[in-house]
Amino acid sequence: MPVSILFQYLLPHRLLSRIVFHATRWTWAPWKNFLIRQITRRFNVDMDEAAQPELASYAHFNAFFTRLLKPGARPIDADPQALLCPADGRISQAGPISAGRIFQAKGRDFSCAELLGDEASAAPYQEGQFITVYLSPRDYHRVHMPMTGTLVETLHVPGRIFSVAPQAVESIPRLFARNERLVCHFTGEHGPFALVLVGALLVSSVSTVWGDLEIPPYASKIRKRDYRGNAIRLERGEEMGRFNMGSTVILLLPNGGPQLDSTLKPEQAMRVGFGIGSLGRDR
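In the numbering used here, the protein residues as written are 1 to 283.
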């Protein structure tokens with residue numbers, strides 16, 4: 001295991017993330033403008049697609065990081081039967097869930113029950129499918145619905161906050177099932193599905209459109225919120241949440257439900273609204 005990865009085991013993950021949380025919301029102009037310029041230059045961020053392209057106009061770094069895009073910047077697949085990619089980024093892995101196990105990288109996997117924090121909730125996905133999308137600092141950091149669904153419940157699962165960069169994914173066993181995360185369960189015309197928003201080192205802050213800031217605070221035990229009866233229905237392609245810094249989204253699909261495109265490959269570039277499979281027929 002690389003020394004840089006071993007060092008992460010010793011770091012005070014939550015303390016560092018709390019510091020970054022406040023630092024990215026500091027409104028002092030020289031500080032926030034410096035951070036924004038560094039990220040846009042280092043990662044070649046395309047500000048032409050931002051609703052507000054002027055860097056100095058953002059109140060703080062996090063406002064820039066979660067920036068809104070211009071209308072039409074992320075058109076969704078015109079086929080109404082297309083399953084949509086929920087986030088910008090690159091595919092980490094995608095494919096079948098075999099006997100409840102989800103492939104991570106290079107012979108590493110983890111169980112669906114571990115990821116979801118609940119054995120019963122994992123049952124529909126035991127032989128289903130998954131796609132894991134990694135968001136880098138240059139990406140648009142709002143997460144959108146892959147299909148229309150009604151929110152059933154969320155689970156805030158406590159954990160470590162390791163990096164989710166490719167080297168860490170290849171090196172740290174059960175990484176996504178160990179990091180702090182928000183599990184969002186939905187149901188729709190095609191059955192249940194889950195979106196898991198995974199926190200990462202220095203960037204473990206998650207918001208949703210129905211609950212605003214969900215993480216932090218960090219959890220000491222699983223926190224479940226039941227939304228049955230609240231009629232929170234989100235349309236295909238609609239925003240459902242955002243990372244207040246970058247991380248990873250995992251979409252879980254049930255056995256017999258929507259099907260991923262068999263041509264999806266690791267490291268393939270993705271954008272919100274890209275067709276990644278079919279809701280009701282082969283693609």
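To be clear, the hints were calculated from the coordinates, so they are not data collected in a lab. Check the hints yourself; a few may be wrong.
[Said to hold, decoys possible] Label-pair distances were calculated between CB atoms; the ranges are: (1) K106 to G275: 24 to 30 Å; (2) S220 to T40: 32 to 38 Å; (3) P158 to G72: 35 to 41 Å; (4) K106 to Q38: 28 to 34 Å; (5) T187 to D79: 19 to 25 Å.
Backbone N, C-alpha and C fix where the C-beta goes; we use that ideal spot for every residue, glycine too.
Going down the list of hints, with the structure as the test:
Between K106 and G275 the Cβ separation comes to about 28 Å, which falls inside the hinted range of 24 to 30 Å. Restraint check, S220 to T40: a C-beta distance of roughly 37 Å satisfies the suggested window 32 to 38 Å. As the Cβ distance of P158 to G72 is approximately 39 Å, the hint placing it in 35 to 41 Å holds. Range check, K106 to Q38: about 32 Å between beta-carbon atoms, so the 28 to 34 Å window is met.
Between T187 and D79 the beta carbon distance is about 22 Å. The supplied range of 19 to 25 Å therefore holds.
This entry satisfies every hint, going by the numbered hints stated previously.
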